[in-house]
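In order, the protein sequence lines correspond to chains X and F. At position 232 of the first sequence (counting the first as 1) the number is 1100 in our numbering, and the numbers step up by one without a gap. At position 19 of the second sequence (counting the first as 1) the number is 24 in our numbering, and the numbers step up by one without a gap.
These aren't lab readings, by the way, just hints derived from the structure by calculation. Since this is a predicted model, take the numbers as computed values, not measurements. Any given hint might turn out to be false.
[What the hints assert, rightly or not] In silico DSS-like cross-links for lysine-lysine, where the CA-CA straight-line distance does not exceed 30 Å:
# : chain 1 : residue 1 : chain 2 : residue 2
1 : F       : Lys31     : X       : Lys1272
2 : X       : Lys1145   : X       : Lys874
3 : X       : Lys1283   : F       : Lys41
4 : X       : Lys1292   : X       : Lys1307
5 : F       : Lys41     : X       : Lys1218
[Unchecked claim] Covered, in the sense of this in silico footprint (three residues per stretch, anywhere, with C-beta under 8 Å from a C-beta of chain X), are these stretches of chain F:
# : stretch
6 : 79-86
7 : 93-105
Glycine included, each C-beta is placed from N, C-alpha and C at the ideal position.
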Amino acid sequence: MNKKAKYHALKVDTEKCFGCTHCMKSCPTESIRIVDGIAVIDAERCVDCGNCMRACPVDAIYVVQDDLSQIELYKYRVVLFPSVFIGQFPEIYTEGQIYEGLLRLGFTHIFEVEQPAEWLMESVKESSEEVTEGPLISSFCPAVVRLIQCKYPSLVDNISRRKAPHDLAAHFAIQQLKKQGADDHEIGIFYVSPCSAKMAAVNQPVAEKESIVTGIINMKDIYNRIMKLIPAQEHTDTSAFRKHLSREGILWSLPRGETSWYKKKSMAIDGIHNVVKFLERLENDEVPHFDFLELKSCNQGCAGGILLTGNRFLTVERLQKRAARYPGAGQITISAWDKESIKVKLVSEKIEPRPVFVLDENRARALDKMQRINDILCQLPGIDCGGCGAPNCHALAEDVVLGKARMSNCVFLQKKYVKEHKMKAEKAYSNLEKVWGKKRFEADCNKKGGRNEGF
Amino acid sequence: MALELEFKITGGDFSNAGKASSQIKKVLKQLNIDAKSIKRIVVAVYEAEVNVAAHAWEGEVKATVGENDIQIVVSDRGPGIENIERAMQPGFSTASKEVREMGFGAGMGLSNIQKNTDELNIESHAGEGTIVTFRCFYS
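Only chain F is shown next, with the shape it has when bound in the complex (with noise of 0.2 Å):
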């Protein structure tokens, strides 16, 4: 039994990253998730849709709710990542200057999910796009 959740994301649009994890959020509280689970899936959507906002042209995530655990598949349409290892180092950052006076692309999304998350896997191709894949399990 698992319940899947789906969210599209459009490039440039900040005001609206956010509403995939508030909406996961809400449905964790409502499965008796624990409070401290919750927050780190939460924290790791967030970040992963600030990513397809500044980065990308549109993606999409798709949340898979188990029993145990939650798996959430990022997946967007963009430039893709040149160096994945590089992008996972706390602090590098690629992103313009427009998003990071916005506040955004300090370089701390990659190794944020990586920290919050039990499993991660990232698969991306220049010029097409990167598909950012999470698990977390429920303590």
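With the rest of the complex left out, here is chain X (with noise of 0.2 Å):
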């Protein structure tokens, strides 16, 4: 089993976090807790799912990206992109000034990650024949994909062994410009991704030894670039580059893009915290048979990614409608040749379960912390304020029992031992300033949070 730390694309800026709660009230696997002041993320349990990235009011919680200048390095300078990069621009801007907009930032080769989308979702259908017992799932979201691995274990043997459309799109690209006689150390392959997860998955692939991409860009980022240098009109023809994209490759990231191509019985759902209401009744077997599930992280699937800048909405909106102008898959026609030499490139390694919620090795020792957990629940209010740091009682009760937090961390509790003269109220007060750091307790006119936030 890979053993080697986690990789995580989320990070927190510790000027600006002020500890708010909002990231670890919204985390799907409970892996953020506030010390001194400061959101500090589990990297065992994080999913790079990007929820706390979008719940955080100060822009708090930032990416780790690649600089674009090492671009330069290279001869032959592909950028990559899910088509929803061009759904979130204004419908404005013609798919043409977009491409031109990217050939200005340097890029000399344009692939949309969905071409020849046709070739995954042959190899994805393929992969049914290794699932012995239940439906397959998607390997398409990464986030998905690691959620299952560490909460719902039973399941990894269900997730389908194939690689992510950037893979294909990758391997795609470099066997194109071989053919335009480029040497491998030539290409630079530069992905520009919609979330958080993929750019944790392009940097550590769950199933794969290495990452075949050469830099993984901030779509949030080159957005941004692009509508700086974006030309009021199209000078050049950029329409070879999407010769080989299709109408299901354009829908491809947004839901039920993978199930309308999969037919049979599938089922799509969209947002994380539905999929895990989902995937709880799965493992209990409390649903009837489907062939197939399309589970993607956020709502409305890639058009949600956290680094996209357009409305969600809008930007199915418009890949629907890009889609209609666009050929069917199977009126594209590439060599099977070509064809049949990635698709062996597609398959990846076997998924291993990294369960991270259980308590203790051993089982007799679990079964005593369990209890014990119990038992300090009994005394925890049970009104979830996230005042301790931890984001509900039970996540305190299980710190307490792990040896990560202590009771006293509870500001109920806190009160209730200083009235019974177990603690004095000058200890209360130091222990949360531990939770909250010491500058929480100045007056501040300029303080941040606490003023209409959500409204």
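Hints in hand, dock the two standalone chains.
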């Protein structure tokens, strides 16, 4: 099993973070705690879904990205991006104008990752034979794959052992460029990511030895750069770059993009909290038979990606209109030899479970800890205020038993202990300072938070 | 050392049938029980919960989570099972039309419990209720 440290794309800017708890409350795996007034992400539990980044009111959560200037090192500078990238631009900008913007940024070749999507889908369909029980689960969304690894380990064998669309596009781009005489070392592949999960997965693939991509670019960053130099009119014809793009490919990353391809008895779910609810049921055998499940972490699929600028519904709208102008996958012809030589590269290694919620490897000790959690829960107020720095009372009880927190972190128990003369008021105050930082208690009229947030 | 868990079930309340099995599943996962055993247990508990919701007036699930096994007692106050042997047969059901229309009552409940457990005992008194006791050993 791969024991190397889990790579994460999400980081906390300790200068900006002021411990407001928004992220802590939105995390689907309860991986965030507040320590010394700052959000701290547990690397084992985090699945890089980006919900924390979405919830943060002060942009304190950011993604690690590669420097765009490194493209200069390569003769063939390839940009790969999912079609939602086009979808997020206002409709006054044509695809041609956006493509020209990318060329002006210094790229020499442009590939949308969904071409030729039909090869990957064919391969995904074939992978259904490798699943012995239950539905085939798409490996498309890396946040979902990581969620299943850590929270639903019994379902890892249901995940399709096929790589992601960016792998397909990268292999395809390399193949096409080599035909034009390019050497491997001359090709730089830069992937524009719509979300933190794909950034993490491209950097540290779940079931591959190493990533095929040279650099990863934040979609928000490149959107802003293009808006600065996008031409008012089209000057050159860039349509050759899109000749392998199909209607199905454009809709691929949106809800039902995969199921409408897969057909049979399949279902699509978007939104990580919806996915969690469904996987709970699937694991309990409480759902009818399905052949295929498309699970996407963001609402509206990748159109709702955390690094997109446009509104997710407008993005879907533009892509649907765009798809209608493109040929169906069956009408696109590429040589069968090209297809077969790439399809063999799309098979990934086995995905391993990574359960992170186990209290103790030893069952007797785990049982003892569970009992203590229940005993502690009897003492806690059960209102999940987050005042202790954990997302809810149950999480605090777990932290206490695992030696990561103390019962006296609970602000209610502190009052009780002081009243019962079990704790000095000074001690209770210093406990609060440990969680929330000393500055939190200084009067400050410029303090962030608590001012009609969310209205 | 064993952990006791208790859940109430109301007859006819299918929306909450499944709460006990979900909670038990969470506990078992944290205890590092293997996925296959968890699945067997969860399926058996869920079937028992649905049985209470479908047939009885009210009932409860008591789980004793031990180091090597789990014991579950599902007791209800309800009409009881007239012929236990017949009720165990796959496909046999006395579920009402309403229950069947909701997608339950296919007659697989008890046989599914038997399939997924290591020990099963059913005790029933007509007009009073039923006590289903089962045990699963972790592999």
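Do the hints match the structure? See the list:
Taking the CA atoms of Lys31(F) and Lys1272(X), the gap is near 21 Å; set against the 30 Å cutoff, the hint holds. For the hint pairing Lys1145(X) with Lys874(X), the CA-to-CA distance comes to about 25 Å; that is within 30 Å, so the pair holds. Restraint check for Lys1283(X) and Lys41(F): the C-alpha separation of about 45 Å exceeds 30 Å, so the hint is violated. About 21 Å separates the Cα atoms of Lys1292(X) and Lys1307(X), which keeps this hinted pair within 30 Å; it holds.
Of the pairs offered as hints, the one joining Lys41(F) and Lys1218(X) holds, with about 19 Å between alpha carbons and a cut-off of 30 Å not exceeded. Counting residues of the stretch 79-86 of chain F whose CB lies closer than 8 Å to any CB of chain X gives 0, so the stated coverage by that chain is violated, three being the minimum. Counting residues of the stretch 93-105 of chain F whose CB falls under 8 Å from any CB of chain X gives 0; the rule of at least 3 is not met.
Violated hints, in rising order: 3, 6, 7; the structure is consistent with all others.
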